[in-house]
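Protein chains: 2
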Amino acid sequence: MFFLEKAYEEALKALNKDEVPVGAVIVKGGLIIGKGHNMRISENNPLLHAEISAIQDASKTLNSWRLDGTTMYVTLEPCMMCVGAIMQSRIDRVVFGALDKKGGCVCSNLDINRLKLPFKIEYEYLEHEKSSQILKDFFKNKRKGK
Amino acid sequence: MFFLEKAYEEALKALNKDEVPVGAVIVKGGLIIGKGHNMRISENNPLLHAEISAIQDASKTLNSWRLDGTTMYVTLEPCMMCVGAIMQSRIDRVVFGALDKKGGCVCSNLDINRLKLPFKIEYEYLEHEKSSQILKDFFKNKRKGK
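The listed protein sequences correspond, in order, to chains C and D. Sequential numbering of the first sequence, starting at 1, is according to the numbering used here. Sequential numbering of the second sequence, starting at 1001, is according to the numbering used here.
Hints were generated in silico from the structure; no laboratory data involved. Note that the structure is a prediction, hence the values are computed from the model and not measured. Virtual Cβ for every residue (Gly too), placed ideally from N, Cα, C. Don't take each hint at face value.
Claimed, not checked - To spell it out: a stretch of chain D is covered by chain C in this simulated footprint if at least three of its residues, at any positions, have a beta carbon under 8 Å from a beta carbon of chain C; those stretches are:
#, region
1, 1002 to 1010
2, 1016 to 1027
3, 1065 to 1071
4, 1086 to 1098
5, 1111 to 1117
6, 1120 to 1134
As the list claims (entries may be wrong) - Listed next, the in silico DSS-like pairs over lysine-lysine satisfying Cα-Cα at most 30 Å (straight line):
#, chain 1, residue 1, chain 2, residue 2
7, C, Lys120, D, Lys1120
8, D, Lys1144, C, Lys116
9, C, Lys142, D, Lys1120
10, C, Lys101, D, Lys1116
11, C, Lys116, D, Lys1060
12, C, Lys13, D, Lys1060
13, D, Lys1120, D, Lys1144
14, C, Lys116, C, Lys130
Input sequences plus hints: build the corresponding full structure.
Structure, rendered in structure tokens:
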């Protein structure tokens, strides 16, 4: 749970910017080499999900576009774009703390390992209560107009 | 074919950088508001496919992360990451000039309209001979070690 906690700390940064609170870290050899949080609205960039931001950060750290041998920990099941980005950057494994029944594309809306794509990803859903709770609270407050 | 030709001109820019030659343009009301080419290796960024680059460009042009009412023309069928990015940026429609049997995620490896995702995209495969030929030639030359 240690690295999911670290991803959750990233989600808190998104929350502070009134962004959908999702965070991610990328780990290699026990060290965090990249981190990111959702900054879609604050950066006016539709692509800046937590995962994308973390991948860009890790690529800078390693000075390489290939992130072989790394694991991404992310608070929410990645969407189609982010699953594809994880494949494109050759990340080996993704661990997520909450399921996204609506848009998740690891196991909820499609099972990535049943597709015959050139890249495979190992994945694990490791329930992390705070990761889903922060999202529930965020959307509840939005509906209340807070 | 006019806008696929424009996308092809972008692919030529990638070729000049020895990148896999794929190009894209985004059109709104008959005007090109964003363009991009594959710059993955030259920019050391695993995410910089032509489509992603074009989306970022169009977001700057419109000063918005929402690209509603636009069409993307791209020389090659988008991969999973790019299909997801097209959805995330609310692009209405994508037209591509060549199929990607290996990694394409619009109709080749999965049919996006059969998934129950929150966003739908219209798509059209409009065969554009030069768009596939430039890729065949690129990989043939790579295999020859040129």
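Could you check the structure against the hints above and give me the numbers of any it violates, in ascending order?
-> 1, 2, 6, 11, 13 and 14
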